[in-house]
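S.K.: The lines below spell out each chain.
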Amino acid sequence: MTVDASRGADAPPELVQLLTPEGELVEHPDYEFDLTAEDVKSLYRDLVLVRRVDLEAVALQRQGELGIWASLLGQEAAQIGSGRALTEQDMAFPTYREHGVAWCRGVDPVKLLGLFRGVNHGGWDPAEHNFHLYTIVIGSQTLHATGYAMGIQRDGAEAATIVYFGDGATSQGDVNESFIWASVFNAPVVFFCQNNQWAISEPLEKQSRIPLYRRASGFGFPGVRVDGNDVFACLAVTKKALQAAREGQGPTLIEAFTYRMGAHTTSDDPTRYRLETELEAWKLKDPIERVKAYLFKNELADQEFFDRIEAEAAELGKSVRTRCLEMPDPDPMEMFEHVYAHPHVLLAEERAQFADYLAGFEEEVA
Amino acid sequence: MTQLTLARAINAGLRRAMEEDPKVLVMGEDVGKLGGVFRVTDGLQKDFGEDRVIDTPLAESGIVGTAIGLALRGFRPVCEIQFDGFVFPAADQIITQLAKMPMRSLGAIRLPIVVRIPCGGGIGAVEHHSESPEAYFTHTAGLRVVACANPVDAYTMLQQAIRSDDPVIFFEPKRRYWEKAEVDLEMDLAAAMPFDRASVVRQGSDVTLLAYGPMVKTALEAAVAAEEDGRSVEVIDLRTLSPLDTATIFDSVRKTGRCVVAHEAPVYSGLGGEIAARVTEACFYHLEAPVLRVGGFSTPYPPSRLEEHYLPDLDRVLDAVDRTFAY
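In order, the protein sequences belong to chains A and B. For the first sequence, the residue numbers in my numbering are 29 to 394. For the second sequence, the residue numbers in my numbering are 45 to 371.
Honestly, the hints are just simulated from the structure, not real lab data. Misleading hints may appear alongside valid ones.
Chain B stretches covered by chain A per the calculated footprint, using a threshold of three residues with CB under 8 Å from any CB of chain A [what the hints assert, rightly or not]:
no.: 1; segment: 101 to 107
no.: 2; segment: 125 to 138
no.: 3; segment: 204 to 212
no.: 4; segment: 279 to 292
For clarity, every value in this text was computed on a predicted model and none was experimentally measured. Quick reminder that beta carbons are idealized off the backbone N, C-alpha and C, glycines included.
I would like the entire structure built from these sequences, with the hints used as guidance.
M.R.: See below:
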């Protein structure tokens with residue numbers, strides 16, 4: 029079997045795109061470009077900052093400060109575009125790669141590192157920023173998002189949920205079940221699939237014979253494919269889908285057509301299964317460069333602006349690094365703390381025994 | 045007092061919980077119009093509406109997974125899994141999400157979800173309708189696992205499980221659904237025995253017989269029969285399988301010096317093994333004999349024409365009791 033090096037690099041005709049890789053606006057019959065210069069600059073800032081956080085996290089992993097990291101490199105536009113479409117009342121359910129969405133929700137990036145450093149399994153309160161915990165089991169969170177959306181219906185609230193998952197996840201039973209549930213209950217949920225072309229080493233054709241967004245029609249709701257490297261299009265498409273959900277029009281599947289520029293995680297070696305030329309083709313579609321080109325060409329930002337964002341990114345990277353290193357190891361007894369809400373006789377017994385055991389070492393030292 | 049079958053007692057418990065707390069939902073396959081295949085939820089949808097008694101698509105992972113989402117939104121779902129052997133599609137959501145999410149959130153999330161599972165054999169059913177999967181769940185930290193054995197406990201323990209902020213796997217002994225007892229529907233739940241306690245259901249002095257769910261009735265019958273042989277059997281209904289109420293078990297075994305555990309589930313790697321280890325560790329100097337187990341064989345649950353041989357009946361329980369006196 030031959031590998032098509034440019035696979036996916038040519039925009040398929042059904043792709044919603046508002047901004048070309050060269051930074052040119054394109055008209056779309058269903059989606060309007062309505063952003064001010066300030067909006068665009070603010071999106072640009074988010075794109076650059078989350079890429080910087082990601083870069084820092086990769087470096088921290090390489091230096092042994094994180095056990096592992098799942099890089100979002102290349103998927104910034106999909107995440108910032110969709111993340112910025114959310115209102116405060118909306119609820120987001122991420123995988124373990126949604127660092128950009130977390131940023132949009134106001135979650136401190138250092139909070140994300142805890143899981144990867146191994147000091148907790150997540151540890152933030154989802155209600156604080158309406159951003160659920162990272163879910164590692166592939167696709168599980170699609171059902172949580174759908175159930176949450178059913179709760180929104182019962183509360184009569186004007187809100188929606190958005191749930192993130194990848195191309196590989198679309199093969200999971202839970203994802204398909206969530207499509208069915210969302211459909212029959214008309215739940216206000218937006219399924220945001222970042223098709224980054226690779227599920228670790230498996231290319232999309234191992235998951236699907238049809239474009240993923242077309243799966244939606246079989247479940248009875250709209251599916252749309254958006255240029256996942258186009259932050260304008262991702263924002264517009266997600267906004268519209270969320271608004272439809274809030275207005276009682278039910279779910280939408282968005283397939284953000286993008287590319288995982290890095291490895292699956294820092295433990296992965298993509299040179300074993302994909303060609304460098306594929307990466308090179310996608311580099312030309314970089315989500316940040318096209319926004320920069322747009323700002324430059326239209327004289328909406330000067331060099332001082334870009335320098336300022338770069339400086340801010342460097343500062344953020346430094347802060348993330350410092351605070352990561354300062355993250356204390358948890359107390360050994362903490363593993364017993366949050367398992368149950370109510371007193372639990374077995375856990376209390378084990379905790380007491382383990383505390384005694386640990387105390388024995390202290391006595392020896394003394 | 046009202047005379048109720050165990051199935052009606054669960055229905056009454058659900059009804060009272062739903063009346064008291066508008067956040068309580070019932071969800072599962074056929075739980076609405078039909079009232080469930082065992083009619084346990086009969087009439088609830090008519091009285092509480094389709095938004096609170098939800099006929100779900102036929103997908104068990106979906107039931108538990110969406111229940112988690114509803115709980116995150118502040119609801120208290122009670123999920124019905126139609127039969128024990130159908131819980132496995134939901135096992136992933138139960139084990140990887142329901143049990144682990146509270147710790148994952150460092151306690152910020154609580155998941156007050158009850159998963160009701162009719163369990164056990166003895167109803168002449170086809171494959172997958174007669175299993176006892178409790179050990180899969182007692183092995184999973186983060187869950188509470190309980191089993192009711194009579195209408196009164198069915199009524200109270202279910203309501204306690206619904207009020208618990210921890211996820212609870214609630215086993216119902218399906219072959220006892222039609223057993224009747226007097227139930228006080230007005231009872232004060234706070235005054236009832238907490239659902240994480242075992243109950244001594246028959247006093248005795250010679251041997252402790254531990255059972256739960258459908259086997260409690262068998263154990264009590266065995267105790268009556270043993271009395272004719274001059275043996276005084278103390279029967280404990282475990283009620284809570286995770287955590288175990290070891291204090292009640294140990295008190296009894298220290299008194300009797302002998303212990304037999306009976307369950308329908310296969311003996312190998314079953315709850316009886318855990319109990320035997322713990323009793324041996326805590327009551328070693330009081331034991332006159334090793335802890336003996338009686339239960340299902342290491343075969344898949346057999347076809348119904350053979351189930352009477354597979355299920356530990358009165359005679360097999362008595363045989364174990366006899367053997368414990370042979371040491």
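S.K.: Compare the structure with each hint and give your call.
M.R.: Okay, the hints, checked on the actual structure:
no.: 1; hint: 101 to 107; verdict: holds (count 4)
no.: 2; hint: 125 to 138; verdict: holds (count 3)
no.: 3; hint: 204 to 212; verdict: holds (count 3)
no.: 4; hint: 279 to 292; verdict: holds (count 6)
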